[in-house]
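Given next are the chains, with one letter for each unit.
There are 2 protein chains.
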Amino acid sequence: MTKERQYTAAIIVIGDEILSGRTQDTNSNYISKELENIGIEVTECRIIQDKKLEIIKAINELRKKNDHVFTTGGIGPTHDDVTVESISEALGVKIEKNHEAYRILKGHYKNIDLSFNKVRQRMARIPKGAKLIKNKISAAPGFKIENVFVFAGIPVVMRAMFSESLQFITEGMRIHSSTLSIDSVEGEIANMLEETLYIVRDLKIGSYPYFNSKKDFGVNIVIKSYNTESVIYAEQKIIESLDKLNISYEINNKT
Amino acid sequence: MTKERQYTAAIIVIGDEILSGRTQDTNSNYISKELENIGIEVTECRIIQDKKLEIIKAINELRKKNDHVFTTGGIGPTHDDVTVESISEALGVKIEKNHEAYRILKGHYKNIDLSFNKVRQRMARIPKGAKLIKNKISAAPGFKIENVFVFAGIPVVMRAMFSESLQFITEGMRIHSSTLSIDSVEGEIANMLEETLYIVRDLKIGSYPYFNSKKDFGVNIVIKSYNTESVIYAEQKIIESLDKLNISYEINNKT
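Protein chains in written order, with this note's numbering: chain D, 1 to 255; chain Y, 256 to 510.
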């Protein structure tokens, strides 16, 4: 099968604890990296509150603009878990007791000798027509409905669900990249980068300066394209220019 | 002065390197925490691409809905730094050479013996009417225009700019909170939390389960209110319920 399409995705991180700064989100970074590896470009990430209207708005905006939407958080059994209801409202589908989810949860709580109480039964309520996304860490499943993937917020569970969801995702055209780390500052290379972009068109160049309290500094130049040859050609051009400018560099990453 | 207003803010993180997963964003977490400390609630955070139309759209949507908007990234001198232009378009103001910024930059490059070339002069171009936000780490200033604060993306510089921007921000009503870490799971406490919310109304309760690959698990219950007494009362109620349920807990944080 040729992988000739470019795919896009958006991520919605749901949770007051992220917005208050209490918890550092790492889920979106994980999903972004994994998606890039299978040729899916993340175009936007939103971190929003545990509020139904906010979730509905974000879902409906982003699912129209992207091939896939991934949400994390808010699928547990407590009052602040409003993701499932919000998604079903956003998509205009009913929530129902999902028999497979019910069976999984019932078995799980029997195994660990906890009562499968009403509160826990809530986690078997899934929008109608959704496909379950199981995970080996916790029993409560995520799900996929239309182009929306709904995951838990706990990183270890989210990652297990992400792996499981890959069966529903078609890989896209691979983005190739090369990273040059240079011992200089942006003001010395800006013109040269623009010239490179002028010569090689099907390319993106990112310029990421860094410096820290230890006074280390430099710039990472990231060259990206769907076309390997463009990456190689641009890298060559940039290296020639760096040599002329007497700037030392290291090739750090190539994919 | 009484601090009787509640304020809100949104954060816009601008940068392809965050969306590709190459860089883990930590700026939004830093800003969120600092704002919570001065009584400003972050209602949303968007991570978006280095694209003018995306930036303009996010700015205009979020500045209308919030008292403040903070942006990070995209104010350097290279081709992929499009934040300044985008903000001026979003706000319908012209960009001009800012004489103060020009003077600061000129002095800086003279000091470190680098030429103040055309590319670097670009960083003195600031939307008309903006107030500069200087920083002691790098010379290039951020700025504030209307209710939008524009910061650099490099964390150490962003933090310096954030401190500097505090002079423009009125502190809001303080949110008080208390965190109880309990040795149990959400399914055991969901009802009790809902009952507490029913008794104490001016309150938010967050329930954050955790577990990791080392099989540590538990739930952090975060109680929040603008009213200290409500926090204290709810904490008391929850502790009574935990005692009845035979669940052990620790009070972890109180502000």
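Keep in mind the hints are simulated off the structure, nothing from the lab. Check the hints yourself; a few may be wrong.
List time: in silico DMTMM-like cross-link candidates among lysine to aspartate or glutamate, alpha-carbon distance up to 25 angstroms [what the hints assert, rightly or not]:
# : chain 1 : residue 1 : chain 2 : residue 2
1 : D       : K204      : Y       : E443
2 : D       : K57       : Y       : E309
3 : D       : K57       : Y       : E316
Please write out, lowest number first, the hints stated earlier that are contradicted by the structure. Hint 1 contradicted; others consistent.
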